[in-house]
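A.B. asks: The primary structure of each chain is shown beneath.
There are 2 protein chains.
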Amino acid sequence: MSDLIIRPAVPDDVPAIVAMLADDPLGAQRESTDELAPYRRAFERLADDPNQRLVVAIRDGRAVGTLQLTLIPGLSRRGATRSLIEAVRVHADERGSGLGTRLIEWAVEESRRQDCQLVQLTSDATRIEAHRFYERLGFEASHLGFKLLL
Amino acid sequence: MSDLIIRPAVPDDVPAIVAMLADDPLGAQRESTDELAPYRRAFERLADDPNQRLVVAIRDGRAVGTLQLTLIPGLSRRGATRSLIEAVRVHADERGSGLGTRLIEWAVEESRRQDCQLVQLTSDATRIEAHRFYERLGFEASHLGFKLLL
Numbered sequence: 001m002s003d004l005i006i007r008p009a010v011p012d013d014v015p016a017i018v019a020m021l022a023d024d025p026l027g028a029q030r031e032s033t034d035e036l037a038p039y040r041r042a043f044e045r046l047a048d049d050p051n052q053r054l055v056v057a058i059r060d061g062r063a064v065g066t067l068q069l070t071l072i073p074g075l076s077r078r079g080a081t082r083s084l085i086e087a088v089r090v091h092a093d094e095r096g097s098g099l100g101t102r103l104i105e106w107a108v109e110e111s112r113r114q115d116c117q118l119v120q121l122t123s124d125a126t127r128i129e130a131h132r133f134y135e136r137l138g139f140e141a142s143h144l145g146f147k148l149l150l
Numbered sequence: 001m002s003d004l005i006i007r008p009a010v011p012d013d014v015p016a017i018v019a020m021l022a023d024d025p026l027g028a029q030r031e032s033t034d035e036l037a038p039y040r041r042a043f044e045r046l047a048d049d050p051n052q053r054l055v056v057a058i059r060d061g062r063a064v065g066t067l068q069l070t071l072i073p074g075l076s077r078r079g080a081t082r083s084l085i086e087a088v089r090v091h092a093d094e095r096g097s098g099l100g101t102r103l104i105e106w107a108v109e110e111s112r113r114q115d116c117q118l119v120q121l122t123s124d125a126t127r128i129e130a131h132r133f134y135e136r137l138g139f140e141a142s143h144l145g146f147k148l149l150l
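Chains A and B, in that order, give the protein sequences. All residue numbers for the first sequence refer to the working numbering, where the first residue is 1 and numbers rise by one. All residue numbers for the second sequence refer to the working numbering, where the first residue is 1 and numbers rise by one.
Fair warning: there could be bad hints in the mix.
A pair holds if it fits inside one copy or across any two, identical chains being indistinguishable in the list.
[What the hints assert, rightly or not] Result set (SDA-like, lysine to any residue): computed pairs, CA atoms no more than 20 Å apart in a straight line:
#1 147 / 25
#2 147 / 30
#3 147 / 86
#4 147 / 115
Keep in mind the hints are simulated off the structure, nothing from the lab.
Full structure from sequences and hints, please.
C.D. replies: What follows is the structure, encoded as structure tokens:
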């Protein structure tokens, strides 16, 4: 396969990112690819926030992966900054290619560059394969993740 | 008991917040209450970030609880903003008083005011009482929480 680039997302990437968010057993129920305006507004909020990193993985000019990294300062752990990984997606054509690993490794390296002392994420309890994937990358499933829909 | 106020933390609250972070089975191993400089630097980073809400609960002029709420814009879920609760602590003198509930209710209300569509948090797998507490407040333990220390 040709080279892969991981770079900050730009407004023109929004349709491809949304398509990847929707092409997923859980995402299919939550996203609406025919109405992009709310996603474009959200993109602007992300772009305005210096603690956000929304990236895309590009191969042959096409977005084939995405991930959102949030830097979170805090008092806990002697004033540690932590990072949070959300919205990891790999294009169906690229699954099994190691791209997921590349994306998470990018997030971990960026977290080190930003002096984070901890990287965290939650994964839906039904995503058993994802759990093994994160454990192989050194993450520990030490917590329960609670959600409340408003 | 006298009235309780939940308000944004100010620099003078840092020692009391750190004392609460440290007075905890897990926090005791992670915090150092005799060296406040890193906490004060972290407080400045929080104060500079408009998506952060670090609050203290005050009773009789004394900080008896704390919580950090982070607003996280994102593309997922049709451009939903979510919030993340971290670093919830209730002073030992106040445990069982309902103050934890008051703090979480404040965070949920603030999340609604900020048009969040989801509130999330992780809780260490060993904090069984905390899990029941969050479930009573309507949170669902739908996820596993993964951490990687850097």
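A.B. asks: If a hint holds in the structure, say so; if it does not, say that too.
C.D. replies: These are the hints, each one checked on the structure:
{"no.": "1", "hint": "147 / 25", "verdict": "within (18 Å within a copy, 24 Å between copies)"}
{"no.": "2", "hint": "147 / 30", "verdict": "within (15 Å within a copy, 26 Å between copies)"}
{"no.": "3", "hint": "147 / 86", "verdict": "both (14 Å within a copy, 13 Å between copies)"}
{"no.": "4", "hint": "147 / 115", "verdict": "between (28 Å within a copy, 16 Å between copies)"}
Violated hints: none; the structure is consistent with every hint.
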